[in-house]
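Please put together the full structure from these sequences, using the hints given.
Protein sequences, first through last, are from chains A and B. For the first sequence, this note's numbering assigns the number 1 to the initial residue and increments by one for each residue that follows. For the second sequence, this note's numbering assigns the number 247 to the initial residue and increments by one for each residue that follows.
No lab work stands behind these hints: they were computed from the structure. These numbers were taken from a predicted model, which means no experiment stands behind them. Among the clues, some could well be false.
What the hints assert, rightly or not - Interface residues of chain A toward chain B, partial, derived using beta-carbon atoms under 7 Å:
{"hint": "1", "residue": "V9"}
{"hint": "2", "residue": "L12"}
{"hint": "3", "residue": "G58"}
To be verified - Covered by chain A, according to a simulated footprint, are these stretches of chain B (three or more residues, beta-carbon under 8 Å):
{"hint": "4", "stretch": "272-278"}
{"hint": "5", "stretch": "292-299"}
{"hint": "6", "stretch": "306-313"}
{"hint": "7", "stretch": "387-399"}
{"hint": "8", "stretch": "421-427"}
Stated by the list, open to error - Restricting the straight-line Cα-Cα distance to at most 25 Å, the calculated cross-link-like pairs of lysine to aspartate or glutamate (DMTMM-like) are:
{"hint": "9", "chain 1": "A", "residue 1": "K39", "chain 2": "B", "residue 2": "E270"}
{"hint": "10", "chain 1": "B", "residue 1": "K356", "chain 2": "A", "residue 2": "D7"}
{"hint": "11", "chain 1": "A", "residue 1": "K6", "chain 2": "B", "residue 2": "E400"}
{"hint": "12", "chain 1": "B", "residue 1": "K438", "chain 2": "A", "residue 2": "D7"}
{"hint": "13", "chain 1": "A", "residue 1": "K45", "chain 2": "B", "residue 2": "E279"}
{"hint": "14", "chain 1": "B", "residue 1": "K356", "chain 2": "B", "residue 2": "D310"}
{"hint": "15", "chain 1": "B", "residue 1": "K438", "chain 2": "B", "residue 2": "D395"}
{"hint": "16", "chain 1": "A", "residue 1": "K39", "chain 2": "B", "residue 2": "E279"}
{"hint": "17", "chain 1": "A", "residue 1": "K6", "chain 2": "B", "residue 2": "E329"}
{"hint": "18", "chain 1": "B", "residue 1": "K438", "chain 2": "B", "residue 2": "E378"}
{"hint": "19", "chain 1": "B", "residue 1": "K439", "chain 2": "A", "residue 2": "D3"}
{"hint": "20", "chain 1": "A", "residue 1": "K6", "chain 2": "B", "residue 2": "E378"}
{"hint": "21", "chain 1": "A", "residue 1": "K6", "chain 2": "B", "residue 2": "D310"}
{"hint": "22", "chain 1": "B", "residue 1": "K356", "chain 2": "B", "residue 2": "E400"}
{"hint": "23", "chain 1": "B", "residue 1": "K438", "chain 2": "A", "residue 2": "D3"}
{"hint": "24", "chain 1": "B", "residue 1": "K384", "chain 2": "A", "residue 2": "D176"}
{"hint": "25", "chain 1": "B", "residue 1": "K333", "chain 2": "A", "residue 2": "E14"}
{"hint": "26", "chain 1": "A", "residue 1": "K6", "chain 2": "B", "residue 2": "E396"}
{"hint": "27", "chain 1": "A", "residue 1": "K39", "chain 2": "B", "residue 2": "E396"}
Even for Gly, the Cβ is constructed at its ideal location relative to N, Cα and C.
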Amino acid sequence: MNDPLKDAVSALRECTSGEDTGAARFTRGRVLGAVRVQKRHRVVKFTFGLPLVAILMGSAAWAASGHGVFTWIQRASSVFGLSQPTERVPHTANSVHQLPLERIAPPQTAPEAITSSAVVTLPATVDEPTVASKTLTTKPHASATVSQAQPRDSEITERELSLYEVAHRAHFVSRDYGAALAGWNDYLRQVPSGRFALEAKYNRALCLLRLGRNSEAREALAPFSNGSMGGYRKSEAQALVEQLAP
Amino acid sequence: MTMGGLALTDFGVIGLFDATPDAELCARLTRGELDAVGDAYDLYHEQVRAFSRRLLGDATAAEDLVQETFVTLPNAFRRFRGESTLKTFLLSIAVNHSKHYLRAAMRRRKAIANLAEVDSLGGVSDGHDGPEQLARRKQLVMLIQRALDELPLEQRVAFVLCEVEERSSPEVANIVGIPEATVRTRLFHARKKLRRYLEELGVTS
Numbered sequence: 001m002n003d004p005l006k007d008a009v010s011a012l013r014e015c016t017s018g019e020d021t022g023a024a025r026f027t028r029g030r031v032l033g034a035v036r037v038q039k040r041h042r043v044v045k046f047t048f049g050l051p052l053v054a055i056l057m058g059s060a061a062w063a064a065s066g067h068g069v070f071t072w073i074q075r076a077s078s079v080f081g082l083s084q085p086t087e088r089v090p091h092t093a094n095s096v097h098q099l100p101l102e103r104i105a106p107p108q109t110a111p112e113a114i115t116s117s118a119v120v121t122l123p124a125t126v127d128e129p130t131v132a133s134k135t136l137t138t139k140p141h142a143s144a145t146v147s148q149a150q151p152r153d154s155e156i157t158e159r160e161l162s163l164y165e166v167a168h169r170a171h172f173v174s175r176d177y178g179a180a181l182a183g184w185n186d187y188l189r190q191v192p193s194g195r196f197a198l199e200a201k202y203n204r205a206l207c208l209l210r211l212g213r214n215s216e217a218r219e220a221l222a223p224f225s226n227g228s229m230g231g232y233r234k235s236e237a238q239a240l241v242e243q244l245a246p
Numbered sequence: 247m248t249m250g251g252l253a254l255t256d257f258g259v260i261g262l263f264d265a266t267p268d269a270e271l272c273a274r275l276t277r278g279e280l281d282a283v284g285d286a287y288d289l290y291h292e293q294v295r296a297f298s299r300r301l302l303g304d305a306t307a308a309e310d311l312v313q314e315t316f317v318t319l320p321n322a323f324r325r326f327r328g329e330s331t332l333k334t335f336l337l338s339i340a341v342n343h344s345k346h347y348l349r350a351a352m353r354r355r356k357a358i359a360n361l362a363e364v365d366s367l368g369g370v371s372d373g374h375d376g377p378e379q380l381a382r383r384k385q386l387v388m389l390i391q392r393a394l395d396e397l398p399l400e401q402r403v404a405f406v407l408c409e410v411e412e413r414s415s416p417e418v419a420n421i422v423g424i425p426e427a428t429v430r431t432r433l434f435h436a437r438k439k440l441r442r443y444l445e446e447l448g449v450t451s
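Rendered as structure tokens:
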């Protein structure tokens, strides 16, 4: 007596054991074609896709790190003992305000805006002095002492640059004004006649303002508002001093 | 080198059942050689096709499954650890991809059944049966396919691999990636359901 299931299974096995060579050859062609296309896509992805992603990520990281091309060129030049490649910093009293700040300072994200929580409200036009891509062109009225405080470009040391960067980052990136004040004080103490001394002094005043130390801020801004520092941030300083007036 | 069912190759011990020394082919597949896929097809397409046709019961869907199995081989091969033969690995790829094709095959089969046509397997006769016997076997094939359609995919795979392909439980466990006991349980339930279904359809000894 036969088992119907076994019979059916046997029939199924026999029915499906034949080989259709035409179909097999056709499928082989389809398989190899598809695999070839797959491989081509992978090659294209690795040849173009990955470098593109790497470039984009590198650019983003570069921008996020707050470094400019010039900073790196400058550092490389100093490492190899090369002279400064382009502009030399003038060190006369009349040229204090034409310093190419944007070439050395890290790019600034946005001008500092004082919020309503600040002790005094600053005018909207007041911005931070190291805004990238600006070259200060105010008519200079600098005193001799200011001009003497400006060293040559080539005298900028790694130490000075790192002090500047620490203070700048605390001020404009992490917005920790206590740390920024300490940073600017540090800079002014260690390199009182540094390349960024003028800017450090102004930023220090802004930090004092942010911290609510109005009287100290007013004192720090006074030299800027009365023109002792030349025309550097004069109008902004005047506006701030006016608002800080008792 | 073969040792009692085990094949020692560059990849270690491979193949509990089919001790085919396809180590060189595996190495070429690892290197991503295009020709290696072609060679793997030439070597194993018959087994993969037979299994696909038995599982799906539809020549067109089976052909698509064969294609997908070999097309996905280069990517899937990254998971290959040399613990089984390449053939077993290919069958496991086919099992993994069969679900989608099975649905398509079942739809087609139902449509054909509704039209009261003969099955679409394109079967091959051994040439010794008479026309009546041949018709009966074709009828049986159609009925068993309809009965298989009633099974869950897991039981169907276990039944086709064990009963139709006559593979042992350990081998099926290796292909499907489940314990042997589970294979036997699935097979038991599949047989039970199929017998009942065939009885309902009036298939008797």
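Outcome of the hint check:
no., hint, result
1, V9, "holds, 5 Å"
2, L12, "holds, 5 Å"
3, G58, "violated, 28 Å"
4, 272-278, "violated (count 1)"
5, 292-299, "holds (count 4)"
6, 306-313, "holds (count 3)"
7, 387-399, "holds (count 5)"
8, 421-427, "violated (count 0)"
9, K39(A) - E270(B), "holds, 21 Å"
10, K356(B) - D7(A), "holds, 23 Å"
11, K6(A) - E400(B), "holds, 20 Å"
12, K438(B) - D7(A), "holds, 15 Å"
13, K45(A) - E279(B), "holds, 18 Å"
14, K356(B) - D310(B), "holds, 19 Å"
15, K438(B) - D395(B), "holds, 14 Å"
16, K39(A) - E279(B), "holds, 10 Å"
17, K6(A) - E329(B), "violated, 32 Å"
18, K438(B) - E378(B), "violated, 29 Å"
19, K439(B) - D3(A), "holds, 14 Å"
20, K6(A) - E378(B), "holds, 19 Å"
21, K6(A) - D310(B), "violated, 28 Å"
22, K356(B) - E400(B), "holds, 21 Å"
23, K438(B) - D3(A), "holds, 13 Å"
24, K384(B) - D176(A), "violated, 84 Å"
25, K333(B) - E14(A), "holds, 21 Å"
26, K6(A) - E396(B), "holds, 18 Å"
27, K39(A) - E396(B), "violated, 40 Å"
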